[in-house]
Amino acid sequence: MSMTDGPTPLHTAAAEQAAEDREASSKGAGKSDLRQRGKRKSGYFSDRWHALSRQQQWAFLSIVVVLAYLLPLLNPPIITTEPGNNFALACFDMARFALIAVGLNVVVGYAGLLDLGYVAFFAVGSYCAAMLTSPDSPYLHIPYLWTLPIAMAVTMFFGVMLGVPTLRLRGDYLAIVTLGFGEIIRILATIIPAMKGQVGFQNVGHPPGTEADGTPIFSNSNGVPWYWLTLTIIIIVTLLVGNLERSRVGRAWIAIREDEDAAEIMGVPTFKYKVWAFAIGAAIGGLSGALFAGQVGFVNNQKFDVTTSILFLAAVVLGGAGNKVGAILGGALVSYIPLRFTAIAEYKYLIFGIALVLIMIFRSQGLLPARQRLLAYGRTALNKITTRDAAKPDSADDSPAGPSSRAAGQRGAEA
Amino acid sequence: MTLLELEGVSVHYGRIQALRDISFTVNEGEVVALIGANGAGKTTTMRTISGLLNCSEGKITFAGEDITKMKAHIRVVHGISQAPEGRGIFPGMTVMENLDMGTFGRKDRSGVGKDLDRVFDLFPRLKEREKQYGGTMSGGEQQMLAIGRALMSNPKLLLLDEPSMGLAPQFIRQIFKIIKEINNQGTTVLMVEQNANQALAGAHRAFVLETGEITHSGTGKQLLEDPSIKEAYLGVG
Chain A
1 MSMTDGPTPL HTAAAEQAAE DREASSKGAG KSDLRQRGKR KSGYFSDRWH
51 ALSRQQQWAF LSIVVVLAYL LPLLNPPIIT TEPGNNFALA CFDMARFALI
101 AVGLNVVVGY AGLLDLGYVA FFAVGSYCAA MLTSPDSPYL HIPYLWTLPI
151 AMAVTMFFGV MLGVPTLRLR GDYLAIVTLG FGEIIRILAT IIPAMKGQVG
201 FQNVGHPPGT EADGTPIFSN SNGVPWYWLT LTIIIIVTLL VGNLERSRVG
251 RAWIAIREDE DAAEIMGVPT FKYKVWAFAI GAAIGGLSGA LFAGQVGFVN
301 NQKFDVTTSI LFLAAVVLGG AGNKVGAILG GALVSYIPLR FTAIAEYKYL
351 IFGIALVLIM IFRSQGLLPA RQRLLAYGRT ALNKITTRDA AKPDSADDSP
401 AGPSSRAAGQ RGAEA
Chain B
1001 MTLLELEGVS VHYGRIQALR DISFTVNEGE VVALIGANGA GKTTTMRTIS
1051 GLLNCSEGKI TFAGEDITKM KAHIRVVHGI SQAPEGRGIF PGMTVMENLD
1101 MGTFGRKDRS GVGKDLDRVF DLFPRLKERE KQYGGTMSGG EQQMLAIGRA
1151 LMSNPKLLLL DEPSMGLAPQ FIRQIFKIIK EINNQGTTVL MVEQNANQAL
1201 AGAHRAFVLE TGEITHSGTG KQLLEDPSIK EAYLGVG
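Just so you know, the protein sequences line up as chains A and B, in that order. Position one of the first sequence corresponds to residue 1 (the working numbering), numbered consecutively onward. Position one of the second sequence corresponds to residue 1001 (the working numbering), numbered consecutively onward.
With the rest of the complex left out, here is chain A:
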């Protein structure tokens, strides 16, 4: 499959881009107003971020990652969700939502396919883990960690099953079909005797390992190891998805999102790439479901309703569809807010509703808007392929980030 054909040379491309950006912002102060027409709605921070060199970006990222790992141990006073909710468990829940949002972002953000039944994949992943490890299940029992890849494979299969007949539909029609699919999975879990409906499966497995006193490390009440496991998975998944985004596949997805017919007549096999987006998104949702089943230790048909689906979608839209970091942030926030402010947890749908309306009015691209930078890498690759000199004298002159970062810098200085 063409899934493997070359991610563009990320490091050099990014370094060149960053160099261009810096050069552009150091040059031509007087020209910046002329170039306003090339300006995009993008945040001050994202411009600052892209102006950093690759090394600085990595250094900054590693600090963020270390802090993220330490989060449940630090238990920072204002941020903490205690005494209402155990903070480590809350962290796990945030990580779980973030992982789901990353998966849904592939479908909704990259390929532009509105999926209102994403919870179905989450449910399939949960049931996979439960039915293969719980003593309540009459079937084959395997170690918990093996259920993670199996859950991914099974949900991927379900993603393709749903995608092949329905991805010929577009827009609203597709959204309605996915909504139906979400309900079908939930109702199947209720009516198929083997899936035990509301009784569900107890004592779902967990990863191996015990403490000195014999209690398992991955227990239901201790969120820290689960959080670390999920965070590690998020980092791996984000790196993989990021590479995919910058590859040929990512370009095809963006083209499909922008204009499907035009993509098709450019030679993009749109159907194939849409199915891939569905399958990859489904696999990540299934993975998240399996983690959830393991941590909670109990799976029944009560957690997979439409509102949960909408909540997932809200996470992606809130964070910024098409931006994986935005999706992580959105997912974490959607989970965090009701846990932190327990007094208003009952009103969470009301609050998210209002928040979404406000976001749509004031920041319609989400908290962290997607920048179509991936094709800038494509351009660098194009220059390389055609053996044209990538550092043409005029190429540094008005790079897309240049004018806006310059303008942002000026605004910052005036303020």
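Some clues are possibly wrong.
Here are the simulated lysine-lysine pairs, BS3-like style, with alpha carbons at most 27 Å apart [what the hints assert, rightly or not]:
(1) B:K1177 <-> B:K1127
(2) B:K1156 <-> A:K272
(3) B:K1071 <-> B:K1127
(4) B:K1180 <-> B:K1230
(5) B:K1230 <-> A:K272
(6) B:K1069 <-> A:K272
(7) B:K1059 <-> B:K1069
(8) B:K1059 <-> A:K272
(9) B:K1221 <-> B:K1177
(10) B:K1180 <-> B:K1156
(11) B:K1059 <-> B:K1156
(12) B:K1107 <-> A:K272
Treat the hints as calculated values from the structure; they're not laboratory data.
Given chain A, put chain B in place with the hints provided.
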């Protein structure tokens, strides 16, 4: 030599028949124009040739190969490239990225640089706007981008769907001049136009479509002089 041949092609939208038994050919090296009023089936014909619509009857042959059942994205690889109606550029991508998308189906990456130079020669404006987002450009520039992007796949046959739509008169003349130049460089062009005067003047041969059927055909000059066409499409008579 015949490059494209349509034999008895009919297209339906549900139960509504949009094209009835259309047959025509496009020879290599020609500029062929399809003219007709609104709803005559011009765009339907284009979308059928590029593969976005399936024909319910008939046969399409391209360069000696039957492509009736071929998917649109594979037709690009075989050498049919379309600049769609209403331009159909990717608004959130820069000019360069749009052009890059045009090469998506290409197998010979080595030829990309040459075609990029060719597009920039034809449309120096695109070179100036290289890093600008497609959606922020004017209509004429977007049209140039759509044609340039279609040329990036180095097609044998270029399909232009209303290249003059919504453009200022001087832009229209410029676009037709460029179409001529593209043709002189060896690309066969099939275009659909409302601007019958310009299209007939620039085309080797032309067909007139009326309610899904071809009613007139001939060289561009013949049709320009045909009194019934004059009356119906040229606004003089």
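We went through each hint and held it up to the structure:
Restraint check for K1177 (chain B) and K1127 (chain B): satisfied, since their Cα atoms lie roughly 19 Å apart, inside the 27 Å limit. At roughly 26 Å between alpha-carbon atoms, K1156 (chain B) and K272 (chain A) fall within 27 Å of each other, so this suggested pair holds. Taking the CA atoms of K1071 (chain B) and K1127 (chain B), the gap is near 32 Å; set against the 27 Å cutoff, the hint is violated. A hinted pair counts as satisfied when its Cα atoms are at most 27 Å apart, and K1180 (chain B) with K1230 (chain B) qualifies at roughly 23 Å.
Among the hinted pairs, K1230 (chain B) with K272 (chain A) is inconsistent with the structure: their alpha-carbon atoms are about 48 Å apart, more than 27 Å. At most 27 Å may separate the alpha-carbon atoms for a hinted pair to count; K1069 (chain B) and K272 (chain A) meet this at roughly 17 Å. A C-alpha spacing of about 9 Å is found between K1059 (chain B) and K1069 (chain B), which places the hinted pair at or below 27 Å, so the restraint holds. Proposed proximity of K1059 (chain B) and K272 (chain A) is supported: the alpha carbons are some 26 Å apart, at most 27 Å.
Between K1221 (chain B) and K1177 (chain B), the direct Cα distance comes to roughly 17 Å. Compliance with the 27 Å bound is thereby established for this hinted pair. With a C-alpha separation of about 15 Å, the suggested pairing of K1180 (chain B) with K1156 (chain B) holds against the 27 Å cut-off. Restraint check for K1059 (chain B) and K1156 (chain B): the C-alpha separation of about 19 Å stays at or below 27 Å, so the hint holds. For the hint pairing K1107 (chain B) with K272 (chain A), the CA-to-CA distance comes to about 18 Å; that is within 27 Å, so the pair holds.
In summary, the structure is inconsistent with hints 3 and 5 from the numbered list given earlier, while agreeing with the others.
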